[in-house]
Amino acid sequence: MAQMTTATRLTGLRAAPGFRQRLDIPRRVVFLAAVSMVAIVVLLMGFIAWQGVQLFVKDGVGLGAIVSPTWNPLADGGPEFGFLPFITATVCVTGVALLISTPLSVGLALFLSEVAPNWAKAIVQPSLEIFVGIPSVVWGWLGLTVLVPFLASSFGGQIVISLPVVGTVFSAPGFLTGFSWLAGSLVLSIMVLPTITSVSYDAFRAVPQEIRTGSLALGTTRWQTIRHLLIPSALSGVLTAVVLGMTRAAGEALAVQMVIGNSPTMPAAITQPLTTLTSQITLDMGNTVFGEPWQDALWTMSLLLLVISISSVVLVRVINKRRMGS
Amino acid sequence: MINGIRRLSVLAVAATVVLSACSSSATASPAAPAATDTAAASAMSTTAPSAGGTVNCVTGSITTAGSTALQPLIQDAAAAYDAACSGATITVNGGGSGTGLSQVVAGSVQIGASDVLANTKLATPDADTLVDHVVCRQGWIVVTNPDVTGVTNLTTQQNIDIWTGTDTNWKQVGGPDMPIVLIFRPQSSGTRATFKKLVLGGATEASGGQTLTEDSNGAVTTAVTKTNGAVSVIGFSYYNDPANKPLLNGLQLDGVDATIANVGSGTYKLAADGNLYTKGAASGLTAAFLDFMMGPQVQGTIIPKDSYGPVVH
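Chains U and E, in that order, give the protein sequences.
Numbering that gives the first Met the number 0 puts the first residue of the first sequence at 0, with every later residue one more than the last.
Numbering that gives the first Met the number 0 puts the first residue of the second sequence at 0, with every later residue one more than the last.
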């Protein structure tokens, strides 16, 4: 609307009879699209929230009970719905995935934005787009067929990483099966790589060209420009990228479920099987009955995932607001 | 404007193609309505000859959902019914025993398939509205990775020791020196509930540590074939699949071979009825299809082919 008033030619047209009516139809269509999108989101959140609180309201499970480390819906003394193993596993698996993926993705984004000659960009960018398009089931299947047996056969014994002077820095029992926290994190790190790369790339491209040329004119090397100017200026964009990657990783169900082993235990070693929130939901949803406490517990987990996703949206907004402010 | 309308109509045609392609069901039927209503009351009823008996043909459309262990049987039976009769659409969905029971109670499907009895999953008022139709016997087999050599039989007590975590190495039951990797179905699974009841005598299974959980017969089979020292429980139909059998080591239970014959004679104890539930008494196409499931073609031909056992009277 605002743009139209600036164009005098359009102002003239508006006076012509019938124009307003013709203009109205597209306006209504796009308005309807916007309204239905908001309506879907609101209905969805309302439904998940309603189902998610049933565990506390209808089934009388205390809020404290869900942070217990015991998940045993068939326990002899009544069901125990402790979500702590799933919550910590989601955090741990996502965390390690980001630790692996972030340096790779940011490095790749810097390469694309600052270093790559055009012909290299012409290869790397389409490859990234293909990466995005690969369905998660394919990543999971690859992990199941290649990664899991590889981990089991290559790292069967006790895994110890020792450094001179410092001594042992890492020690874990070896992989018995290959289905593990690490397998889940590795699959996820590949899946979030394109997300973090493309958002970081946009952040680096958004840094004005004058900063680069000015910096180079002062005699700095390309690395010094990147280190002291580009990374600080693009930091909030890179953080946004990492948060978006985190959301993707925490919400991924299928690929993780295929390689993680689905054992409802507290994370202790990177070589052990775990269960995340998403994988537990997919495991149990088909065999539980709508309205029973067990399924209500799964809805509560969905609500938790929704809260995680809303928090990350808020986080991204806060980060971006700060960027705009500075 | 005309150009816009033309584009819009192209879009509409594309959408129609997509929609009609997606709404085809397990048993393809010309111009099948998406509705899952039985439309039974006004349905036309005819009889048609088929391989081994006459089939009571009723037109209409019904949907089944539930147990994935029973799904191969229902799918083949539905295809055979469709081959014998025209005008009937039987859509077969999986989803798990719990899904089958809750959807049939809710009235969103006409038949809910379950490995376990309805009253073990549903509250009494809901379970009482359902009518059970036992259509087959189904058996499960304890399988290991083929690298567990020298183990061909486990007794009930050995199974209890293994699955509760008392025995953790195959050498304790006469196998190689290799850790036992337990691969469970989810606690909510009908297969797991049946195994726990019939073999473990209700004992609490080991959990955590290096135990794995996989959510379908297919996923369990893949995990067992890929994991050294793995043991799990799968349905006969999956074990006898020629693609799986060479990759698995199937075990006897208390010295009894896991065969349909032994399920039928009652000597192999890891077996249960396959239950198809209807809400209230079945009518129309639902009743005709359930009759067909009990008829000679399904009981005599399809059930043995898919590694199920005929109903024990």
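Please note that the accuracy of each hint is not assured.
What the hints assert, rightly or not - If you anchor each label on the Cβ, the simulated ranges turn out as follows:
| no. | chain 1 | residue 1 | chain 2 | residue 2 | range |
| --- | --- | --- | --- | --- | --- |
| 1 | E | Lys244 | U | Gly155 | 44 to 54 Å |
| 2 | E | Asp253 | U | Leu73 | 55 to 65 Å |
| 3 | U | Pro68 | E | Gly200 | 25 to 35 Å |
| 4 | E | Leu197 | U | Val90 | 47 to 57 Å |
| 5 | U | Pro68 | E | Asp146 | 27 to 37 Å |
| 6 | U | Ala267 | E | Lys244 | 33 to 43 Å |
| 7 | U | Pro68 | E | Lys244 | 39 to 49 Å |
| 8 | U | Val40 | E | Asp253 | 33 to 43 Å |
To be verified - Covered by chain U, per the in silico footprint, the following chain E stretches (three or more residues, Cβ under 8 Å):
| no. | segment |
| --- | --- |
| 9 | 180-186 |
| 10 | 194-207 |
| 11 | 284-293 |
What the hints assert, rightly or not - Computed cross-link-like contacts, EDC-like style, restricted to lysine to aspartate or glutamate with a CA-CA straight-line distance of at most 20 Å:
| no. | chain 1 | residue 1 | chain 2 | residue 2 |
| --- | --- | --- | --- | --- |
| 12 | E | Lys278 | U | Asp75 |
| 13 | E | Lys196 | U | Asp201 |
| 14 | E | Lys170 | E | Asp160 |
| 15 | E | Lys304 | E | Asp253 |
| 16 | U | Lys57 | E | Asp166 |
| 17 | E | Lys195 | U | Asp75 |
| 18 | E | Lys225 | E | Asp240 |
| 19 | E | Lys268 | E | Asp160 |
| 20 | E | Lys278 | E | Asp166 |
| 21 | E | Lys170 | E | Asp253 |
| 22 | E | Lys195 | U | Glu79 |
| 23 | E | Lys225 | E | Asp127 |
| 24 | E | Lys196 | E | Asp146 |
| 25 | E | Lys195 | E | Asp160 |
| 26 | E | Lys195 | E | Asp240 |
It should be emphasised that the hints constitute simulated quantities derived from the structure, not laboratory data.
From the three backbone atoms N, C-alpha and C, an ideal C-beta is built for every residue, glycine too.
These are the hints, each one checked on the structure:
no., hint, verdict
1, Lys244(E) / Gly155(U): 44 to 54 Å, "violated (27 Å)"
2, Asp253(E) / Leu73(U): 55 to 65 Å, "violated (25 Å)"
3, Pro68(U) / Gly200(E): 25 to 35 Å, "holds (27 Å)"
4, Leu197(E) / Val90(U): 47 to 57 Å, "violated (39 Å)"
5, Pro68(U) / Asp146(E): 27 to 37 Å, "holds (34 Å)"
6, Ala267(U) / Lys244(E): 33 to 43 Å, "holds (37 Å)"
7, Pro68(U) / Lys244(E): 39 to 49 Å, "holds (40 Å)"
8, Val40(U) / Asp253(E): 33 to 43 Å, "violated (57 Å)"
9, 180-186, "holds (count 3)"
10, 194-207, "holds (count 3)"
11, 284-293, "violated (count 0)"
12, Lys278(E) / Asp75(U), "violated (31 Å)"
13, Lys196(E) / Asp201(U), "violated (58 Å)"
14, Lys170(E) / Asp160(E), "holds (13 Å)"
15, Lys304(E) / Asp253(E), "violated (26 Å)"
16, Lys57(U) / Asp166(E), "violated (41 Å)"
17, Lys195(E) / Asp75(U), "holds (14 Å)"
18, Lys225(E) / Asp240(E), "holds (17 Å)"
19, Lys268(E) / Asp160(E), "holds (18 Å)"
20, Lys278(E) / Asp166(E), "violated (45 Å)"
21, Lys170(E) / Asp253(E), "holds (18 Å)"
22, Lys195(E) / Glu79(U), "holds (19 Å)"
23, Lys225(E) / Asp127(E), "violated (43 Å)"
24, Lys196(E) / Asp146(E), "violated (28 Å)"
25, Lys195(E) / Asp160(E), "holds (13 Å)"
26, Lys195(E) / Asp240(E), "violated (24 Å)"
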